[in-house]
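**Q** Chains A and B supply the protein sequences, listed in that same order. Using the numbering used here, you'd call the opening residue of the first sequence number 1 and step up by one each time. Using the numbering used here, you'd call the opening residue of the second sequence number 116 and step up by one each time.
Incorrect hints may have been included.
[What the hints assert, rightly or not] Under 8 angstroms between C-beta atoms, here's a sample of chain B residues computed to sit facing chain A:
id, residue
1, V134
2, L162
3, I164
4, Q166
5, K170
6, F206
7, D214
8, K215
9, G221
[As the list claims (entries may be wrong)] In silico SDA-like links for lysine to any residue, alpha-carbon gap of 25 angstroms or less:
id, chain 1, residue 1, chain 2, residue 2
10, B, K220, A, R111
11, A, K11, B, P155
12, B, K188, A, E44
13, B, K188, A, K11
14, B, K220, B, T118
If you're looking for bench data, these hints aren't it; they were derived computationally from the structure. Quick reminder that beta carbons are idealized off the backbone N, C-alpha and C, glycines included.
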Amino acid sequence: GAGVSQTPSNKVTEKGKYVELRCDPISGHTALYWYRQSLGQGPEFLIYFQGTGAADDSGLPNDRFFAVRPEGSVSTLKIQRTERGDSAVYLCASSQGGLAQDTQYFGPGTRLTVL
Amino acid sequence: AQTVTQSQPEMSVQEAETVTLSCTYDTSENNYYLFWYKQPPSRQMILVIRQEAYKQQNATENRFSVNFQKAAKSFSLKISDSQLGDTAMYFCAFMNRDDKIIFGKGTRLHILP
Chain A
1 GAGVSQTPSN
11 KVTEKGKYVE
21 LRCDPISGHT
31 ALYWYRQSLG
41 QGPEFLIYFQ
51 GTGAADDSGL
61 PNDRFFAVRP
71 EGSVSTLKIQ
81 RTERGDSAVY
91 LCASSQGGLA
101 QDTQYFGPGT
111 RLTVL
Chain B
116 AQTVTQSQPE
126 MSVQEAETVT
136 LSCTYDTSEN
146 NYYLFWYKQP
156 PSRQMILVIR
166 QEAYKQQNAT
176 ENRFSVNFQK
186 AAKSFSLKIS
196 DSQLGDTAMY
206 FCAFMNRDDK
216 IIFGKGTRLH
226 ILP
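If we strip away everything but chain B, and leave its shape as in the complex, we get (with noise of 0.2 angstroms):
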């Protein structure tokens, strides 16, 4: 069975500082797909970012960039620049073929002014 683990319950950064949240995950796929939502308290799940496991490129988009890891599966976010908008619970999750998304527990982020 697929799974996600978040280790960092809660993580709070300075105000345009760069943080990365940890996730690792568990697979004998081959072909799956990465994302990150982002889940402010408006309960509302944003993807932020998206990786296909086929790519080795990392993902980016503006501030947000993936480390995608395949062998290590492993898959952290990097947000940089922090803004306090982006106070928010960040989950990391995983889907394959069969289109159902498992999500990690989640990761609660501050960012302080």
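Isolated chain A, as found in the complex (with noise of 0.2 angstroms):
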């Protein structure tokens, strides 16, 4: 595809429910990314995928968010027990080869608001 596209543009949502993000990289990218930013601040590393697999999960905050990706493209990240504090812009960047050489190329993003 011509970029990465993001799904929905914007979501908002009530306290408690469940939500689903995705993302569509670039295609031929095998490697992909979920960061998070906050309001005033940079983005924050979520999750890394390298093709199906995650990679390093290291940046989940807890066992509320889980993201997936199925057949090594479209991504899902998924939120349970949404609470306010999981506000922010969700964006999603995919690279070519995952290499730390690769560039990575972002998506507008999701902003999500929990009420």
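From the two separate chains plus the hints, produce the assembled complex.
**A** The following block contains the structure:
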């Protein structure tokens, strides 16, 4: 595809609800990353996929957060029992091979608001 | 742990002027990558410039250049002939072997007409 796309662009939910955020990486990119950007902050790493497997999930804040990438392309970030503190912009990025020298290309993000 | 510090929360300059954004970082690694990303109101993070730590020569991309001082762990961004379209948040970022990018808190840059 032309770039990384994310859906929805904005999501408003109520505290305690379950949400899914979707990321479509650039076609052919094997590495996919999720970041969270809170208001006034830089993005913070959540999880990194190489193909279908999570190579590093050390940034997930707790077990309410989970991400999958079943076919090695599209990824879904899942948040259970949402809390107001989960409100942020969730950014997805992909890179060609996942090597340190490969550029990460970012999507426009999903703004999640938990009321 | 690696950290990235941007000491200028906000800056304003006149169009066509030159502006320098500061960044320092802390790491015990010897091989790593440094980046400047631009984030306009559209939220999309756009790579402006990157620098490999093993390269002594400062990276340059058109009007954008960096001053990389490895010993001082400093990585500043210079924007020459600034344009209205340069108005955005600018994030300094660091990455080592494990591909996890660590971002600073950002500098909000306003280019004034």
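**Q** Evaluate each hint against the coordinates.
**A** Going through the hints against the structure:
Annotation: interface hint on V134 of chain B violated; nearest CB of chain A at approximately 19 angstroms, more than 8 angstroms. Look at L162 of chain B: its Cβ gets to within about 6 angstroms of chain A, closer than 8 angstroms, so that hint holds up. The restraint placing I164 of chain B at the interface with chain A is violated, with a minimum CB-CB distance near 11 angstroms, outside the 8 angstroms limit. Interface hint at Q166 of chain B: violated, since its Cβ lies 12 angstroms from the closest Cβ of chain A, which is beyond the 8 angstroms cut-off.
At about 12 angstroms, the closest approach between the beta carbon of K170 of chain B and any beta carbon in chain A exceeds 8 angstroms, and the interface hint on this residue is violated. Taking 8 angstroms as the C-beta cut-off, the interface hint given for F206 of chain B holds, the closest approach to chain A being about 5 angstroms. Evaluation of the D214 of chain B hint against chain A yields a held restraint, the C-beta minimum of about 6 angstroms falling below 8 angstroms. Given hint, K215 of chain B at the interface with chain A, holds; its Cβ is 5 angstroms from that chain's nearest Cβ, closer than 8 angstroms.
The interface hint given for G221 of chain B holds, since its Cβ lies 5 angstroms from the closest Cβ of chain A, which is under the 8 angstroms cut-off. Between the alpha carbons of K220 of chain B and R111 of chain A the distance comes to roughly 18 angstroms, so the proposed pair stays at or under 25 angstroms and holds. For a cut-off of 25 angstroms, the pair hint linking K11 of chain A to P155 of chain B stands: about 20 angstroms separates their Cα positions. For a cut-off of 25 angstroms, the pair hint linking K188 of chain B to E44 of chain A stands: about 21 angstroms separates their Cα positions.
Distance restraint check for K188 of chain B and K11 of chain A: the Cα-Cα separation of roughly 39 angstroms exceeds the 25 angstroms cut-off, and the hinted pair is therefore not satisfied. Between the alpha carbons of K220 of chain B and T118 of chain B the distance comes to roughly 10 angstroms, so the proposed pair stays at or under 25 angstroms and holds.
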